Amino acid sequence: MPRTTKLPLKLKLPMIMVALTGAFLVTVSLLVYSMAERSIRENAFAAQEIEAKSGAQALEFLIKAARSDVSSLAGQPAVFRAIGNFERVIGMVEEDDPVAYLKQTYAEANPHPADQREELTDAGDGSYYNQSHTTYHPTFLQSLRLNGYQDLYLISAKGQVVYSVKKQGDFLTDIQPGSDSGLAQVFQAALQAEAGTVVAADYAAYSHSAEGVAAFMAAPVFSKRKEVVGVIAVQLGTAGVVNALTSNLSGGSHQNIFVVSSDGLARSPSSAAGLFPVLQAMPDTPQIQAARAREAGQFEGVASSLGERALALVMPLDLPGFDWSLVLETDEHTAFAVVERIRLTAAGLIGAALLAAIGVSWLAARSVTRPIHALREATNALADSNYETAISGRDRGDELGDLARSLDSFRGKLKDADEAAAREVEAARHTAAVVDSMSAALSELQRGNLACDIQAPFAGQYEALRENFNRSLEKLRSSMAQVVGAAENVGRFSEEQRGAATEMAHRTESQAATLEETAGAIRELTEGIRSTAERAGKMDETMRGARSEAEQSTEVVTSAVEAMDQIQEASSEISKIINMIDDIAFQTNLLALNAGVEAARAGPAGAGFAVVASEVRALAQRASNAAGQIKGLTSASEEHVANGVSMVGRAGDALTSIIEQVSAVSGLVTDIADGVRAQSRGLEKIDGAMHQLDSMTQQNAAMSEEAAAASQLLQNESHSLTGIVGSFDLGAAGPATRHAAPQRLSA
1 MPRTTKLPLK LKLPMIMVAL TGAFLVTVSL LVYSMAERSI RENAFAAQEI
51 EAKSGAQALE FLIKAARSDV SSLAGQPAVF RAIGNFERVI GMVEEDDPVA
101 YLKQTYAEAN PHPADQREEL TDAGDGSYYN QSHTTYHPTF LQSLRLNGYQ
151 DLYLISAKGQ VVYSVKKQGD FLTDIQPGSD SGLAQVFQAA LQAEAGTVVA
201 ADYAAYSHSA EGVAAFMAAP VFSKRKEVVG VIAVQLGTAG VVNALTSNLS
251 GGSHQNIFVV SSDGLARSPS SAAGLFPVLQ AMPDTPQIQA ARAREAGQFE
301 GVASSLGERA LALVMPLDLP GFDWSLVLET DEHTAFAVVE RIRLTAAGLI
351 GAALLAAIGV SWLAARSVTR PIHALREATN ALADSNYETA ISGRDRGDEL
401 GDLARSLDSF RGKLKDADEA AAREVEAARH TAAVVDSMSA ALSELQRGNL
451 ACDIQAPFAG QYEALRENFN RSLEKLRSSM AQVVGAAENV GRFSEEQRGA
501 ATEMAHRTES QAATLEETAG AIRELTEGIR STAERAGKMD ETMRGARSEA
551 EQSTEVVTSA VEAMDQIQEA SSEISKIINM IDDIAFQTNL LALNAGVEAA
601 RAGPAGAGFA VVASEVRALA QRASNAAGQI KGLTSASEEH VANGVSMVGR
651 AGDALTSIIE QVSAVSGLVT DIADGVRAQS RGLEKIDGAM HQLDSMTQQN
701 AAMSEEAAAA SQLLQNESHS LTGIVGSFDL GAAGPATRHA APQRLSA
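Here the sequence shown stands for residues 1 to 747, numbered as in the numbering used here.
If you're looking for bench data, these hints aren't it; they were derived computationally from the structure.
Since the model is a prediction, treat every value here as computed from it, not as a measurement.
Some hints could be false.
[Stated by the list, open to error] Straight line, CA to CA, 20 Å or less: simulated DMTMM-like cross-link-like pairs of lysine to aspartate or glutamate:
#1 K631 / E569
#2 K685 / D674
#3 K685 / E444
#4 K475 / E463
#5 K158 / E194
#6 K538 / E555
#7 K475 / E444
#8 K685 / E516
#9 K538 / D674
#10 K538 / D671
#11 K224 / E211
#12 K576 / E639
#13 K158 / E211
Turn these sequences into a full structure, and let the hints steer you where they fit.
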């Protein structure tokens, strides 16, 4: 601070203006940037959560649809007959090794490529197996394509894969007991399951799959006698899982979505190409730890499979047979790229604004400092008593023009003041002569010479002073003669006053004792009324507190009534939504019924679609029933809420009545307390007045005694005064005055 005070104004003004402008711009920019950054971050997290939920819903729908399809196929009589027919006709093939013949016919000698063997329906060899294959293969192929399976199997109760759609290496193989393949696991579990139950095996290595890994679902197939005749199984590829997860992603290489099981293995390949395959052990990052523990969470600034810092969201999935958790990673730099652009833009704008502020401040400072410098030069000239220097800027209309005009007026006043100072010097010389004469006369007067009149006349206006002094001496001589006579009278009168003062002192002492007793009685009465006033005040405060509590209770009841009204309105809205759901369920039921009719017309080709239509009807019926139950519960809730509103309203009316009564009582108590306080204040004033009167009486008694003593002293002083006056030299007027003074006093 001491350094800045030494800077010239032409530098200080621009510095101050630039500092203020910079502080304002930086503050505003930081506020805008922080608000924008917070909004962008919230939007990024919300968008990531929406994308993750969409992927999770799509995957759950895919798995549940597959389970429903497998369960539906297992319950169809056509599947039961197909397993029995395929198992029987394998033994009817007229070859030494029927299994080798069928593998040769449908796999090795298949005219289609290895990944398109399902296109062969009729092998044309006339075998019984070919007849069954021609009958059932189109239906199973349609189901595979409709649901996106990698393969579909019919397995006999003995463990032989009697049919598969794709005809890969597991076609017509025997499932060995104790095998750890996924197909063997679901086959063994399905044989022990009840009708309609679907078992699943998570993704694991599988040599007969084109991807090298596969997951399986299977369900037992029962005969009419409720005996297990075999198992229908489907192989799930990873492509369907990835498609479901990425169905609602915004796209681009800055995001990666996948599923992880509780053992820390990836159960789907990365959606970003080439990062990791299925069954790879994932790194021990916070999001993978949460996925292994099946804990939902959202993480910021974590290491990701993308190789950069990322935002990660973990969402456990509810999929029977699969302990999966969805993980969505979004590159942090890409997600917050807008924040970086805003930061750079704000920095550029601040820099440009500061440069502009420096230029404007410099110009503004010059327009202010140049007139100030001119005024400074004019002020310095006036300080050197140079009154001929021109003062510029008097024609300006701003404050600097006012200052220049004031300085011009000040110059004229300074010039007049110098002329007046010269006149004052001459007057001071005459004054010194007068002072010397007066000092000499006063010295004579101090020595007791009352005949020291000033004979030499004074100059100008001081002559009146000499005349006044001489007249004052004349009056003083006359007054001193009168004082001599008065001193004699004072001695006589003081003797009389001493007697009267002594008598008055005795009477005053008696009066003081009486007043003291009266003041004591009034003091006791005041204390009692003050105590009563304090108790009345406390009662008033208590009544005010009770009224305040009652009013607060009324506000609470009012809030409760408003909340119940809102609940009642929400219940009405819920009823409308439930009615709409019921209508949707009814329309869905009709559409499913029409679909079933169309599927029936299509014959065997529409069998699978008929099953789907039946499931849709069942779902629509359950939705309608649930909507009806919810509607009933909502109606009951509305009645309870209405009853609650009525009861709370009664409570509010009661509280209002209580508040009115408490307010009335509080008003009465307040009036009583105010009256008692007023009485207390009145008595306190009386008590104070009595104390004051008592004190004054005591003082009067003391003063009476002092007056008696003072009268004696006054008599002594009158004798002394007479002696002192006799020592003055009264001159010619002395005898006449001493003779006249006693006559004036006695008159």
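For each hint, the structure was consulted:
no.: 1; hint: K631 / E569; verdict: holds (14 Å)
no.: 2; hint: K685 / D674; verdict: holds (16 Å)
no.: 3; hint: K685 / E444; verdict: violated (60 Å)
no.: 4; hint: K475 / E463; verdict: holds (19 Å)
no.: 5; hint: K158 / E194; verdict: holds (18 Å)
no.: 6; hint: K538 / E555; verdict: violated (26 Å)
no.: 7; hint: K475 / E444; verdict: holds (16 Å)
no.: 8; hint: K685 / E516; verdict: holds (16 Å)
no.: 9; hint: K538 / D674; verdict: holds (12 Å)
no.: 10; hint: K538 / D671; verdict: holds (13 Å)
no.: 11; hint: K224 / E211; verdict: violated (38 Å)
no.: 12; hint: K576 / E639; verdict: holds (16 Å)
no.: 13; hint: K158 / E211; verdict: violated (28 Å)
In summary, the numbered hints that this structure violates are 3, 6, 11, 13.
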